[in-house]
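Q: Here's the letter readout for the chains.
There are 2 protein chains.
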Amino acid sequence: MDTRYIYLDGRVVPVDQAAISPFDIGLLRGYAVFDLLRTVSGKPFLLAEHLQRLRDSAEELRLTVPVTDGEIADVIDDLLERNGHEEATVRLVLTGGVSPDGLTFDPATPTFYIVTQDLHEPPPSLYADGGALLMHRRRREVPGAKTTNYLTMLQKRSDAEAIGAMDLLYHDGGRIYEAASASFYVVVDGVILAPKDDVLWGTVGTYVLETLCSDHEVEYRDVSVDEALAADEAFLTSTTRGVVPIVRLDDRLIGDGSPGPITRELIARWRSVLAGR
Amino acid sequence: MDTRYIYLDGRVVPVDQAAISPFDIGLLRGYAVFDLLRTVSGKPFLLAEHLQRLRDSAEELRLTVPVTDGEIADVIDDLLERNGHEEATVRLVLTGGVSPDGLTFDPATPTFYIVTQDLHEPPPSLYADGGALLMHRRRREVPGAKTTNYLTMLQKRSDAEAIGAMDLLYHDGGRIYEAASASFYVVVDGVILAPKDDVLWGTVGTYVLETLCSDHEVEYRDVSVDEALAADEAFLTSTTRGVVPIVRLDDRLIGDGSPGPITRELIARWRSVLAGR
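These protein sequences, in sequence, are chains A and B. With the first sequence counted from 1, adding 26 to any position gets you the working numbering. With the second sequence counted from 1, adding 26 to any position gets you the working numbering.
There's no promise every hint is true.
Treat identical chains as interchangeable: a pair holds within one or across any two.
Stated by the list, open to error - Heads up, simulated EDC-like pairs for lysine to aspartate or glutamate below, C-alpha to C-alpha not over 16 Å straight-line:
no.	residue 1	residue 2
1	69	198
2	182	86
3	182	85
4	69	103
The hints are simulated quantities; they were obtained by calculation from the structure and are not laboratory data.
Please work from the sequences and hints to get the whole structure.
A: The structure is reproduced here in structure tokens:
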């Protein structure tokens, strides 16, 4: 494990001394939210956006992040220095805290911890060749919150791998939502279509669409399964993976089955951001 | 806390020494199943059925309970003796174990723990007057598994309380499924209707329908929202609550709004079981 110290409930402690109670409602009832950010050149990237999303997630579950953004930033700096990662992911986890009866808990005493780990990026071939998604009927249970519920994603992981897919694409038969662990967009006639409702707001996705795409039109609206299958291009965005071309949904190729020009352009722009240019 | 010892990964330990890793996939990704049973006269009740359901839940998530039923029975006896409950609940929790990257885990090293606590039963008035449920559109994400995902139940708890409801009744607009923490049945013209598909198999529910109801007809089939609203009687079953009359769904009374004769009969029979008669 590349993590030697973590932050837990007010203290930075060696990882082998960090103990979560077996009565934690995050464990007993899955009542927890989290967020995950990455460093760029060793500094937290989009920190304010991730912390805002964490607070929004918490509010959706009637929880409150118990420390200020400034304190969190200091803790992250401390952990990054102690753990000595080259580039890191930073995971912030907030649960309802210890539940004496497995049902009730006091929102005033949540469990809040922060973990930094070495960042592992996907292989270059994924960006050159593109990836596939397995279509799966599901809608995020609490779309406004990044909860820890990834049951379906993990349960269907081997099904996805069996068809060479890197993740699931959630849909309801009529419209598409998002990938299980990423935002998902399609390009039709040069316009980027971004599913708007019932999906988690993507921090990297929003950054890419709003900051790196100013010369492309973006429509925030429902996107049908048919539109997605007939799109010219598709891509996903995520914190650890950036912009990834999606060239196949189940066994249906998107466009000609190779990464499209707008997607490639966004990948190049994202790489410039990572390189500090 | 009425629990002094718990079982965790092969050992019975004082509860304050029981530490779950912050990297547990049950916490990071909600990848966990559990079961909950109660004692009757100090002995585990329907133990074999609960352990079978736990193993079925585990299999659905491609996990395996790492110890035998006999070993689990011995551990429960040990915990009940050490913790000295009058009557107890016994909670068995199984997660995918520690995940080094927040995504992958080794099913060969799950986290498995067992907690006993004092049993708290609902007040007698609930059985005399009946309870209400708040209707909510949702289907259990993985119906074949009793997972730890109770996000919606906890998130909507205050909405339920606001209308005097004890729990949620999940439905899809067309048919009803189950309560968030209990099985749910209705009685129409003397026949008990039991939703069959896309619901968790209820251990106490099955016991009540198959062992205590042999003189009543039971139909296992889909039950529509309309049938539920027009039913003569309704009741839920759960481990800690037994048989509870449900006399209102949202603001719609079931029957005349008081517990019906078949429900009252089942409550009496359940009480006889608890009394060892």
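Q: Which numbered conditions among the earlier hints are violated in the structure presented, ordered from lowest to highest?
A: 1
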